[in-house]
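Asks: Chains as they are written, first to last, in the working numbering: chain A, 8 to 261; chain B, 5 to 223.
A portion of the hints provided could be inaccurate.
Stated by the list, open to error - Covered stretches of chain A (chain B as the covering partner; in silico rule of three or more C-beta atoms under 8 Å from a C-beta of chain B):
1. 212-223
2. 251-258
What the hints assert, rightly or not - With a Cα cut of at most 25 Å, we get these calculated DSS-like pairs of lysine-lysine:
3. B:214 with A:250
4. A:250 with B:13
5. B:117 with B:35
By construction, these hints were calculated from the structure, which means they are not laboratory data. Where a beta carbon is used, it is the ideal one built from N, C-alpha and C, also for glycine.
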Amino acid sequence: MVEITDIFEIKDFSIYYGDFMAVKNITLNIEANKITAIIGPSGCGKSTLLRSLNRMNDLILSSRVEGQVLFQGVDIYHKDTDVIELRRRVGMVFQKPNPFPSSVYENVAYGPKIRGVKRRSQLDEVVENALVRADLWEEVKDKLNESGLSLSGGQMQRLCIARSLAQQPEVLLFDEPTSALDPISTANIENLLQELQKTITIVIVTHNMQQAARISNYTVFMYLGELIEFGDTDTIFVNPQNKLTEEYITGRFG
Amino acid sequence: MAIFDEELKALREKVLKLGYMVEDAIRDSVKSLVERDSALAREVIKGDHLINALEVKIDEECIRLIALRQPVARDLRFITTTMKITTDLERMGDLAENICERALELNEKPQLKPFVNIPRMAEITQSMVRDALDAFVTGCSQLPYEVIKRDDEVDDLTVRNFEELLPLMIQDSKIIPLALKRTYVAKYLERIADHATNIAEMVIYMCKGKLIRHMEISE
Numbered sequence: 008m009v010e011i012t013d014i015f016e017i018k019d020f021s022i023y024y025g026d027f028m029a030v031k032n033i034t035l036n037i038e039a040n041k042i043t044a045i046i047g048p049s050g051c052g053k054s055t056l057l058r059s060l061n062r063m064n065d066l067i068l069s070s071r072v073e074g075q076v077l078f079q080g081v082d083i084y085h086k087d088t089d090v091i092e093l094r095r096r097v098g099m100v101f102q103k104p105n106p107f108p109s110s111v112y113e114n115v116a117y118g119p120k121i122r123g124v125k126r127r128s129q130l131d132e133v134v135e136n137a138l139v140r141a142d143l144w145e146e147v148k149d150k151l152n153e154s155g156l157s158l159s160g161g162q163m164q165r166l167c168i169a170r171s172l173a174q175q176p177e178v179l180l181f182d183e184p185t186s187a188l189d190p191i192s193t194a195n196i197e198n199l200l201q202e203l204q205k206t207i208t209i210v211i212v213t214h215n216m217q218q219a220a221r222i223s224n225y226t227v228f229m230y231l232g233e234l235i236e237f238g239d240t241d242t243i244f245v246n247p248q249n250k251l252t253e254e255y256i257t258g259r260f261g
Numbered sequence: 005m006a007i008f009d010e011e012l013k014a015l016r017e018k019v020l021k022l023g024y025m026v027e028d029a030i031r032d033s034v035k036s037l038v039e040r041d042s043a044l045a046r047e048v049i050k051g052d053h054l055i056n057a058l059e060v061k062i063d064e065e066c067i068r069l070i071a072l073r074q075p076v077a078r079d080l081r082f083i084t085t086t087m088k089i090t091t092d093l094e095r096m097g098d099l100a101e102n103i104c105e106r107a108l109e110l111n112e113k114p115q116l117k118p119f120v121n122i123p124r125m126a127e128i129t130q131s132m133v134r135d136a137l138d139a140f141v142t143g144c145s146q147l148p149y150e151v152i153k154r155d156d157e158v159d160d161l162t163v164r165n166f167e168e169l170l171p172l173m174i175q176d177s178k179i180i181p182l183a184l185k186r187t188y189v190a191k192y193l194e195r196i197a198d199h200a201t202n203i204a205e206m207v208i209y210m211c212k213g214k215l216i217r218h219m220e221i222s223e
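Pulled out of the complex, with its shape left as it was, chain B reads as follows (with noise of 0.2 Å):
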């Protein structure tokens, strides 16, 4: 194999690697929510630095392929979404982080009643990085568009909490600062799932050099 192939394999494998990090991250998350378990909400909170790490480490990677190899056609559309999906999975990182605070503080009081659209949202969030990422690996298939759609999900979801917490929240002001919070985790999770379709669409751009964002998808 020639050393730029092997470049771009170990490149592959260390978004993939980013992959793997921030999807447990988002997964113990929403565990440490939803099981009170506020030792690992702290826990996600403290490896997020190494989720930073990597992506810097990512980027520089890329722009030294840019700079030494002047990647053209499959190999410029590989670097350049990998650059992009990578700020992404950093994001994604940051709102796991954003969940395990409002955990931490949740996880202090009783709780409000328990969670049903929370962890419904995060099952579908969750396959969405992973079935974006698969994509990015195996290549061109269905399956980035299957991760967009399901994005429509999500959003209603995030929806759909809010709306039944607001007449709680209207029968007893009280309680207004602890459902705000579930307010907000459903809504960092929805926008977890908008980096995992930013990915999917990234990764339709990379197979047919095509950008698709801010189109209504046809296929």
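Only chain A is shown next, with the shape it has when bound in the complex (with noise of 0.2 Å):
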């Protein structure tokens, strides 16, 4: 029998932006090895949510929260949690991909070199894994020493990708990863994050509802902080069970 594992547990989860609240008591899990979207339309919190899974949002001052966030049982928000640490472990990339000025090698070695390792040979192995895993190797590998920045926006999104897999993150949390991408690059994500979600559990935001469609395996549907309507993808987009999730996903929404 396959055991069902939850990587996250959100339990009655409140984020505040000073006496604004984001994100409106939440309880949701997160499976291991899978693909959740969470949709919504703007300001529905749904990045607030996700920024939350690795305390993106402590570098919002205002910010607090209330209720509990396990990852692996544990409570992310407890006092003695290494924020550092937890970043590695749940990795994020961006709306728009963003090197860091650097060569397309260095991007990659960067994390790695900081958690300490040095020797060259060791470096160019973790290098080429993540350039690889990121299905970017091959268009790469002859120019590791240019910059990052030289890349195409699809090639760039995954040089990031494949910086953050450099740092061997558990989860890997994509704000709206594609939405300045062509289709082609788009469906080269896609197929990508399909692929990796066989190690990885990813968490996708995204405003394009097809996407959430193609590759997720669960959906989450928030509207004004609270989660409305969470289910297997088939079902929110077969037979949604709440109205506002219809509405929304019909483009029938307001």
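Two chains, each in its own frame: build the complex with the hints.
Replies: So, in structure tokens, the structure goes:
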């Protein structure tokens, strides 16, 4: 029997920006080695919820949280949490590709170097490995010393994914990773996510409903900070149980 | 109203139009038999291509909407239901045509005995078609479940029709060709009722998102 493991358990979780409650009392489990998509209109709190999973929200001074987020059973908002280690294990890729202004090689080697990997041969291996997993190696193996910023948009995004993978994360969070890309680059990233899903848990925020339908196993629909519906992506797109979900995904919202 | 909503409304109206054409064909086919009206039978046969043409048009429209609008949730269920029930309606049209063909043959010979079971079957079958389409248009109610239940009555009448003709055929083998043709007509009606049942099942799917085909109805 296959045991279902929930890598994240989000319990009665709320996020405030000052007095504003951006995420309202959400309870949700994220299954390991699956792709969970979070959809909802702008301002519904989906990116805020995503960023809370590796405490990126800490960087916004007015933010505070209530409730719990357990990552493999451990509360990540506990005062003893090593946030740097958390962000290594739970990586993030953003909407706009944001390589460091350095070479392709250095972009990927940066994390391992900081973690103390010094031997060149070992670094080479980690870099190649990450670029292969990000499906970028064949395209950049002859220009590892060129600037990461010289790549195409789709390549830059895969470079950012490789940079995250070099940290050997268990989870990758994606915040609209293809909204700045053309359909071909988007398809590449989508294929890549489905490949990565075999070894990594993926949570993706997307405005592209078809993207959620194409690649995710589970879909979360949020509205005004609340979790309206969570379920198998099949169910959400064929037979959603909530009227609001249906209105939103059929484009009849508001 | 958004363009997509207007397109869906237009599609629904086309299905209804197809439904009316098929209902007329069924009614006229049985009438041509019972009232021995061969001219009417020929008219129904002649009109079948219009049903076929509208079926194709509806299918094309569904495919276009799937490609361009990428429907999900209730829109997806509506469009897939439309594609399936359109096929059922077109098959009903063919069966009405078959009834007319048998009517033309039977009308040339003296009547074996007055029609009792077949008009009753036709009545129930037509009500099933009408109610199945009503359910498709008006949405979720008990109506499709009632349609499905009525199918049993039609099945029973098909058997009864055969059982009443059988001793006559045993008695006088010369009437077998005529009696068989009457048996065929009953069978055609029975199949029309099956198609109406399919429509009702798809309407339940459209409403509830659950396929109930090949299951015992509990509701």
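Asks: May I ask which of the numbered hints given earlier this structure violates, with the numbers listed in increasing order?
Replies: Of the numbered hints, all hold.
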